[in-house]
Amino acid sequence: MNESSSKGALWSFSNDLANAAEQASRGVVAIDARPRVPSSGIIWRPGAVVAAAHTIKREEEISITLPDGRSVPATLAGRDPSTDLAVLKLQDGEALAAEFGDASTLRVGHFVLALGRSGSKNLSASLGIVSSLGGPWRTWRGGQIDQFIRLDVAIYLGFSGGALVDSGGRIVGLNTSGLVGGMGMAVPAATVHRVVDELLAKGRIARGYLGVGMQPVPLPETLRAKLNLSGQAGLIIVSVEPDGPADRAGIFLGDVLVAIDGAPLDDIGDVQARLAPDNIGKTLRVSVLRSATVVELPVRVGERPRRS
Amino acid sequence: MASALAIAAEHLRRITVQVSGARRGGGSGVIWHPKGLIITNAHVASLRHPSVALWDGRSLRGSVVARDPGRDLAAVLVRAENLFAATVRPGNSLRVGELVLAIGSPWGFAGAAAIGVVHGLIPRTSDGTMQWVQADVRLAPGNSGGPLADAQGRVVAINSMVAGGLALAIATDEVERFLSESGVLNQPRAATRGEAA
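Sequence lines, in order, name chains A and B. 47 is the number that the working numbering gives to position 47 of the first sequence; each next residue is one higher, with no gaps. 153 is the number that the working numbering gives to position 153 of the second sequence; each next residue is one higher, with no gaps.
For reference, chain B alone in the conformation it holds in the complex (with noise of 0.2 angstroms):
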């Protein structure tokens, strides 16, 4: 099981981008959509034009374009085409119990990886729908904005801060929401596209 965890690691570290912010700030993002749209913390987004890191080094300028400082989600575009996207799993499926993996940049160590459980899931109250995940993980500052995902790799939801010793992190429904309120998106979220090669 150890050489799963690697794997899943990799392909997690491969749709995650570090977001760089004002002064020392900035930390994690998640490649939303193959031509260049990453979804990260409000709080993480300070600048507007952040620098945008890949994973396989290149570095491209950020414009933010939407951001909800209240659900805590930004939305940045980056110049790019066929970009490695995330595999996305609505919230409301998660199980109490299941394994949870996030990927980030904590205290600056890129692409850094912590696994724990699904603690608890918190809906919203005036529909049910999925707002937030708490997990039993480790997370740091850095990790902010980058995501939480499940045994297979598929994101389901962005790690925002850490509350009582629990990582708490914004479930893809609520992600999915932002984006067509803000108008960033005119289609649905990043087709699935099966397995990441």
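So here's chain A without its partners, still in its complex pose (with noise of 0.2 angstroms):
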């Protein structure tokens, strides 16, 4: 390859890069909701701005500022946690402006922009790849995310809640640093777009609850012969919440859960996956390991109060 032809391929790589950040920048925009550094968001539906949860640290006196510089009041319509998302409500119904795309196209190694507008409330970008893809996981606090993205890029201070881009200058997530301590992740479009649409609903997002504390514990060989149990550990309960589901369900301190419905339980994920918003009102075939013998329970479903 001459000289100038590959010169130019540097060139024209540039110059896409610098489309691509023009391009959805028209989405990006900056959130005082927080002391000191203002936080990016991203202009999701009409009038309604997602950001990243942990950086809303107010509920009143928020004011977003727009790409075109103008700046507007806008009000929290909910916030979710557990998968580091909050929707933000502008009085006027902001068009959409940005492309998003899906981020199930993404490869490891694909050149990816964070935006943000931090700051000076001018667009910023920065550049990496994406460093690790994955399957649906879940967050610590229960958040379920469609997809593990982890990016090799900058979330600088102020830039999460920013748009994560590909080349082609389509939205394809949110980035944060709230989801795994401090490391640069995002959220991708399919999940926003199923957490905005509830939040903006409902206000927040319904979590079914049982209500209790527990913790694996192995179960011995010699008792998961005598009773035929399939799974090699247990949930033992360490609290129960009064008149919570599990209470009125007659589940006691020191029961070893072992199965749900018929399928065994290996660990706190197995439990939380069967209280999905869906099962709220449900009633699950609850077995525990009770004075060496398995009992069954009804349980129904509750929905986890509101914290105030």
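Calculated from the structure, these hints are not laboratory results. Glycine included, every Cβ here is placed at the ideal spot set by N, Cα and C. Some hints here could point you the wrong way.
[Said to hold, decoys possible] Pair ranges (Cβ atoms, derived):
1) A:Pro136 / B:Ala163: 36 to 42 angstroms
2) A:Asp278 / B:Met161: 52 to 58 angstroms
3) B:Ala6 / A:Glu99: 32 to 38 angstroms
4) A:Val72 / B:Val162: 32 to 38 angstroms
5) A:Gly254 / B:Ala163: 55 to 61 angstroms
6) A:Thr75 / B:Ala163: 31 to 37 angstroms
7) A:Val180 / B:Met161: 29 to 35 angstroms
8) B:Ala163 / A:Glu59: 29 to 35 angstroms
[Unchecked claim] Covered stretches of chain A (chain B as the covering partner; in silico rule of three or more C-beta atoms under 8 angstroms from a C-beta of chain B):
9) 18-26
10) 116-126
[Claimed, not checked] Straight-line Cα separation of at most 25 angstroms, SDA-like style, residue types lysine to any residue; simulated pairs:
11) A:Lys121 / B:Gly165
12) A:Lys226 / A:Phe252
13) A:Lys121 / B:Ser126
14) A:Lys121 / B:Ile122
15) A:Lys121 / B:Pro90
16) A:Lys121 / B:Val162
17) A:Lys121 / B:Arg124
18) A:Lys121 / B:Pro123
19) A:Lys121 / B:Met161
20) A:Lys121 / B:Arg95
21) A:Lys57 / B:Gly164
22) A:Lys121 / B:Gly164
23) A:Lys121 / B:Arg138
24) A:Lys121 / B:Asn92
25) A:Lys121 / B:Asp127
26) A:Lys121 / B:Trp132
27) A:Lys121 / B:Thr125
28) A:Lys57 / A:Ser177
29) A:Lys121 / B:Ala163
30) A:Lys121 / B:Gly128
Assemble the dimeric complex from its two separately framed chains, guided by the hints.
Below, the structure written as structure tokens:
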């Protein structure tokens, strides 16, 4: 490849990046909802901006700086700490201007841009690659994220809540450092769509709950053989919330959960998987180990009470 | 594209010099004019007669002819003719997201390159001309005074410091102002010389 054409390739790539930044910038805003440093946000629906929940420190006197420079007031419609997403409503139905894409088209090694508007409220960008991809995963707070996306890109101060942009200028996710101990992660667009719609409709994400504290314990081989238990472990109940769903079903301190609807439980994740919003109100057949025998109890899944 | 990067880095190395400072100080500089004008940071040019090392290994004695600590710029003259000089691009044509390359001597590794993108642009409040370029590039102390260039190898700023993880560089517009105010050059900046051979 001769010198001038290879130089052209670099220049061409550079322009592609700047074009992608410009295109997606039409959907990126700055948010004043905490002292000192503004955070970033994305216009996700007409009149609604999505942000990283951990950057929204107050519920009143929130203002948003739009791409054209105008500053407009906003109100908090709802937040979901489990996915670190929050939705702010704008007074005027600000139209959608950026294009959204599908994060499942990303591959490890793909160049991506992280866009934000902090500090000066002007557009800022950082360049990196998709570092690691995986399937659906649950955050430590029980939030369901459709795709594991880790980025080798700098999430600067104020960049949480900003856009993950592919080389075509499409917004494919929301960047945050608040999901996994300060690491640059992205919430894929599919998850943001789902959470935004629910927050706009209900103001919070309904989550199922049983009202117990539990811990995994290995089951002794002899007991498993005697009772014909297929799982290796169970979940010992270490606390029961008075009048919660488990309490009302007759679950006691010291019971060991071994199966739900016949399926053995290995860890808390297996239980949380049964507490998706669609299961609220449903009755689960819970098998507990009590005094060396298995007892089956019907437990009606409740809705997690809102923390004040 | 990997070869394009290697070629761009190679060009930039030829217009980058190492400037010695007091004790362990020093950093990099940019050859601004073929007749021996070097631009660097004021904080790099702490000696009145620093030693300037060229890419081809020559070491020349320099004289600081202008120094502006407020802008963190200094002009150093060396006795040489026909040096390879930088092609300069004004900062106000830069776009956020554009690729930028930094060349310098971070941690003493001469000619090391780093790549990133333009993170932000900070204009002067008085007239809106470009003053600072923020780059999402990993710099180390030896990069100070060296070039920040675009994907065509044109110098857009002089690396000055790291702030909040970002590289902060002085836009070439500011360098031009410094040169005209200090009277170092009677004529405008080094003429654009097209492709460096």
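To see whether the hints hold, each was checked on the structure:
1. A:Pro136 / B:Ala163: 36 to 42 angstroms: holds (39 angstroms)
2. A:Asp278 / B:Met161: 52 to 58 angstroms: Holds - the Cβ-Cβ distance for aspartate 278 of chain A and methionine 161 of chain B, about 54 angstroms, lies within 52 to 58 angstroms.
3. B:Ala6 / A:Glu99: 32 to 38 angstroms: Cβ of alanine 6 of chain B to Cβ of glutamate 99 of chain A: about 34 angstroms, so the range 32 to 38 angstroms holds.
4. A:Val72 / B:Val162: 32 to 38 angstroms: holds (34 angstroms)
5. A:Gly254 / B:Ala163: 55 to 61 angstroms: holds (57 angstroms)
6. A:Thr75 / B:Ala163: 31 to 37 angstroms: holds (34 angstroms)
7. A:Val180 / B:Met161: 29 to 35 angstroms: holds (31 angstroms)
8. B:Ala163 / A:Glu59: 29 to 35 angstroms: Given range 29 to 35 angstroms: holds, Cβ gap about 32 angstroms.
9. 18-26: Holds: 6 residues of the segment 18-26 of chain A have a Cβ under 8 angstroms from chain B.
10. 116-126: n = 7 at 8 angstroms, threshold three: holds.
11. A:Lys121 / B:Gly165: holds (18 angstroms)
12. A:Lys226 / A:Phe252: Between lysine 226 of chain A and phenylalanine 252 of chain A the Cα gap is close to 22 angstroms, so the pair holds against 25 angstroms.
13. A:Lys121 / B:Ser126: holds (19 angstroms)
14. A:Lys121 / B:Ile122: holds (11 angstroms)
15. A:Lys121 / B:Pro90: Between lysine 121 of chain A and proline 90 of chain B the Cα gap is close to 23 angstroms, so the pair holds against 25 angstroms.
16. A:Lys121 / B:Val162: OK: lysine 121 of chain A and valine 162 of chain B at ~20 angstroms, within 25 angstroms.
17. A:Lys121 / B:Arg124: holds (16 angstroms)
18. A:Lys121 / B:Pro123: Roughly 13 angstroms between the alpha carbons, so the hint for lysine 121 of chain A and proline 123 of chain B holds.
19. A:Lys121 / B:Met161: holds (22 angstroms)
20. A:Lys121 / B:Arg95: The hint holds at about 16 angstroms.
21. A:Lys57 / B:Gly164: Measuring from Cα to Cα gives roughly 22 angstroms; hence the hint holds.
22. A:Lys121 / B:Gly164: Holds - the C-alpha atoms of glycine 164 of chain B and lysine 121 of chain A are around 16 angstroms apart, at most 25 angstroms.
23. A:Lys121 / B:Arg138: Holds, at about 23 angstroms.
24. A:Lys121 / B:Asn92: holds (18 angstroms)
25. A:Lys121 / B:Asp127: Holds, at about 19 angstroms.
26. A:Lys121 / B:Trp132: Holds. Lysine 121 of chain A to tryptophan 132 of chain B sits at ~16 angstroms (cutoff 25 angstroms).
27. A:Lys121 / B:Thr125: Given that 25 angstroms is the threshold and the Cα spacing comes to 15 angstroms, the pair holds.
28. A:Lys57 / A:Ser177: holds (16 angstroms)
29. A:Lys121 / B:Ala163: holds (17 angstroms)
30. A:Lys121 / B:Gly128: holds (16 angstroms)
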